[in-house]
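Undergrad: Chain order of the listed sequences is B and S.
For this note's numbering, count along the first sequence from 1 and bump the result up by 468.
For this note's numbering, count along the second sequence from 1 and bump the result up by 5.
Worth flagging that the hints you see were computed from the coordinates, not collected in a lab.
Predicted, not measured: the structure shown is a model, and the values here were computed from it.
From the three backbone atoms N, C-alpha and C, an ideal C-beta is built for every residue, glycine too.
Don't take each hint at face value.
To be verified - Derived list of chain B stretches under chain S, where covered just means 3 residues or more per stretch with a C-beta under 8 angstroms from a C-beta of chain S:
1) 487-493
2) 497-505
3) 513-523
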Amino acid sequence: MTATNGEAAVRVEVDRSTCEGHALCLVYAPEVFDMDDEERAVVMRDPVPEELRAGVEDAAGQCPVQAIRVLEAEAGTR
Amino acid sequence: MPGPRPPLDETGMPVTATQPRCPVSHTDYRQDGPMLSHYAMVEQEREAEPFYLNDANGNPFWMITRYEHVLEAIQMPEYFSSSVSNAFSPDRKLPFLPVNLDGEEHLRLRRVLNRWFSPAAVRKLDGLATERARDLVAEIAQQGRTDVVEGFGLRYPTEMFLATIGLPVEDGPPFLEWVGALFSHIYTGPEAEAAMDAIADYFDRAISDRERHPRDPETDFLSRMLHPRLGPGWLSRDELKVLCLSLVTAGLDTTRSGLGYIFAHLAQNPEDRARLAREPAMIPRAVEEFIRVYSLLLQLGRRVVQDIDFHGVPMKAGDIVWLGIAGANRDPRKFDDPNVYHPDRENTGHHLGFGAGPHRCLGMHLARHELEVALREWHRQIPDYDVEPGVELVERGHQMSLRSLPLVWSVPSDGR
Numbered sequence: 469m470t471a472t473n474g475e476a477a478v479r480v481e482v483d484r485s486t487c488e489g490h491a492l493c494l495v496y497a498p499e500v501f502d503m504d505d506e507e508r509a510v511v512m513r514d515p516v517p518e519e520l521r522a523g524v525e526d527a528a529g530q531c532p533v534q535a536i537r538v539l540e541a542e543a544g545t546r
Numbered sequence: 006m007p008g009p010r011p012p013l014d015e016t017g018m019p020v021t022a023t024q025p026r027c028p029v030s031h032t033d034y035r036q037d038g039p040m041l042s043h044y045a046m047v048e049q050e051r052e053a054e055p056f057y058l059n060d061a062n063g064n065p066f067w068m069i070t071r072y073e074h075v076l077e078a079i080q081m082p083e084y085f086s087s088s089v090s091n092a093f094s095p096d097r098k099l100p101f102l103p104v105n106l107d108g109e110e111h112l113r114l115r116r117v118l119n120r121w122f123s124p125a126a127v128r129k130l131d132g133l134a135t136e137r138a139r140d141l142v143a144e145i146a147q148q149g150r151t152d153v154v155e156g157f158g159l160r161y162p163t164e165m166f167l168a169t170i171g172l173p174v175e176d177g178p179p180f181l182e183w184v185g186a187l188f189s190h191i192y193t194g195p196e197a198e199a200a201m202d203a204i205a206d207y208f209d210r211a212i213s214d215r216e217r218h219p220r221d222p223e224t225d226f227l228s229r230m231l232h233p234r235l236g237p238g239w240l241s242r243d244e245l246k247v248l249c250l251s252l253v254t255a256g257l258d259t260t261r262s263g264l265g266y267i268f269a270h271l272a273q274n275p276e277d278r279a280r281l282a283r284e285p286a287m288i289p290r291a292v293e294e295f296i297r298v299y300s301l302l303l304q305l306g307r308r309v310v311q312d313i314d315f316h317g318v319p320m321k322a323g324d325i326v327w328l329g330i331a332g333a334n335r336d337p338r339k340f341d342d343p344n345v346y347h348p349d350r351e352n353t354g355h356h357l358g359f360g361a362g363p364h365r366c367l368g369m370h371l372a373r374h375e376l377e378v379a380l381r382e383w384h385r386q387i388p389d390y391d392v393e394p395g396v397e398l399v400e401r402g403h404q405m406s407l408r409s410l411p412l413v414w415s416v417p418s419d420g421r
């Protein structure tokens, strides 16, 4: 799918089988992530606009179990 | 000349003879020492060897000292059971719940408990958390001095814990005495046992009250735990009491200890303190880095349940293992310049301060939030302070905490 928003910069995915619910993504990008009832991260905003790119990249890097993937919006999903 | 006797295995063979490649450590980590001395001991052993057999107490245990191996083992619950969660006390009579459960038994409880300690639950308490922190700090601010680990550091997490499970924060004061007694000797000795009994009685009364007068199970923890919807026999009354006791032992001393090390660091490093006061938005990152650099748990214990050759160490079912959390969090193979507080580092979040895997800390969101709010509200009112001159800071061994942290600051003379 294509970004509906001209500013869309990145797409973000959470691997739910890897996520352990540490919730650090909520610390680094609270506008993008939340936790669901099973205490796993969910993406609230995808694609992610350019101004939130740094936060999402931080969240991916800081994730204790490396469950977050950040993809360039232009490249689409794999 | 006779050296120290090596420990014997089940067949009476000296363990060092059958495992020539695993060195023996005699270090006893349960003794008090100067602040940060335990990290130095852990560092020395970690840099010398990845694995040891430690024979300093009656029950020898394998030590895993480096980040990579600690993380691996903590994520292998099929080999490393949580039926033992502390390498120093593998024979504890009373299990902690859900700490000492494995597999589906553990998950069954966590599924119900998680919600009460989730980021959403913590957000709901934000108003109260901020208000209580502000009031408690305001009380202290005029005094010009306080002992953080005896006072604010224990009182604040105790109140927040009570609020989280729907009990009145006014019950804080008696609770504080019990919790103080419980932890000054790490659950052992007559004082600690009396305190444990008093806390058990407190929960007993609270449970009886909810049995007679159930409250809204959406907002009241005990009413929820007693709710028939969870099915008959899902948790006995005794188990519920043990669960509550476990939450107390897991959640109060740890946060107090965390605040102790953090305030000691900030008192001794004015530039870090100034940045934190100047940029409150960086407090969450600072908290995460503090949790990495000042690990309160030296170790998590585990019991081996299937024989395994763990990177050359022949571990047998029944053996006790030390997962070196504090050493892993300061492992230079994982963290650059690991002994330095550096809130902007790129992989702070990879620390094991809350553990990992299925047993990762239930209260981690609450703990983070308490630390963040406490730091923010404290520095709004008390931006500058020092450790009382002439005081030597001493830390408890076993499960680390400063024994006391007297702070002093100047109060404007018209302050009262």
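Undergrad: All the hints need checking, so say for each whether the structure fits it.
TA: Now for the hints, and whether the structure bears them out:
Note: the segment 487-493 of chain B has 5 residues with beta-carbon separation from chain S under 8 angstroms; the three-residue rule is met and the coverage holds. Chain S is given as covering the segment 497-505 of chain B, and this holds because 3 residues of the stretch bring a CB closer than 8 angstroms to a CB of that chain, at least three being needed. For a cut-off of 8 angstroms, the count of residues in the segment 513-523 of chain B with a CB near a CB of chain S stands at 0, and the three-residue condition is violated.
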